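Colleague: From first to last, the protein sequence lines are chains A and B. The numbering used here numbers the first residue of the first sequence as 37 and each following residue consecutively. The numbering used here numbers the first residue of the second sequence as 37 and each following residue consecutively.
These aren't lab readings, by the way, just hints derived from the structure by calculation. One thing to keep in mind: the hints can contain errors.
Put simply, identical chains are the same to the list, so a pair is met inside one copy or across any two.
To be verified - Under the rule of at most 25 Å between Cα atoms (straight-line distance), these lysine-lysine pairs were calculated in the BS3-like manner: (1) K73 <-> K94; (2) K77 <-> K94; (3) K39 <-> K77.
Predicted model, so just to flag it, every value in this text is computed and none were measured.
Number of protein chains: 2
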Amino acid sequence: MPKPERQVLVCVNSRPPGNPKGSCGEKASQALFDQLKGLLKERGLDGRVMVNRTYCLKHCSRGPVVAVQPDNVWYAGVTPADLVEICTMHLAEGRPVARLLMPDIPWE
Amino acid sequence: MPKPERQVLVCVNSRPPGNPKGSCGEKASQALFDQLKGLLKERGLDGRVMVNRTYCLKHCSRGPVVAVQPDNVWYAGVTPADLVEICTMHLAEGRPVARLLMPDIPWE
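Make a model of the complete structure from these sequences and hints.
Modeller: Dropping the structure here:
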């Protein structure tokens with residue numbers, strides 16, 4: 037198959053309100069997914085970069101979590117502004133955004 | 037973060053019965069996810085390999101779809117027996133299973 041140059045995984049998993057784990061879904065990650073689809077289209081990257089929603093990516097306390105493959109780069113606490121930066125720096129130019137990288141904690 | 041050596045993405049997206057696109061979910065992909073979690077634990081690979089469920093991976097007609105990152109290897113029409121082979125060959129030994137690779141079609 038013609039593989040995507042990059043695949044962006046956006047966790048949209050939701051847990052009931054009050055669940056101690058929290059979730060990316062309750063931190064508006066669905067809106068990040070929608071925003072990213074728009075950004076990729078706008079910048080003509082949608083033929084090179086695939087974006088997919090996922091269930092739990094196992095870093096619930098650090099959400100919203102976004103992973104970029106095949107770079108195996110994981111981002112934590114992504115905001116809409118961060119996502120624009122990820123799109124510009126990483127997805128368009130191949131340079132991961134160091135300040136947004138997931139801290140050194142094991143997956144849950 | 038201590039990254040997974042490999043991340044396996046299992047599409048469990050469902051569409052209503054009769055939808056012309058079909059879906060991985062209606063082809064028992066949730067059972068593949070459960071099986072894979074069991075296989076990884078049984079073989080002591082669960083600390084190295086992360087498995088995640090996803091929404092649509094954009095190859096609906098070729099489901100169930102399983103992708104292995106960061107290898108950017110995509111499998112189509114995966115059965116429970118195929119999954120055992122992927123686990124043994126690819127996830128444990130790093131050798132993708134050629135006969136199961138997604139054919140050369142664009143993503144949807």
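Colleague: Hint by hint, note whether the structure agrees.
Modeller: Against the structure, the hints:
no.	hint	result
1	K73 <-> K94	both (23 Å within a copy, 14 Å between copies)
2	K77 <-> K94	between (29 Å within a copy, 16 Å between copies)
3	K39 <-> K77	within (18 Å within a copy, 29 Å between copies)
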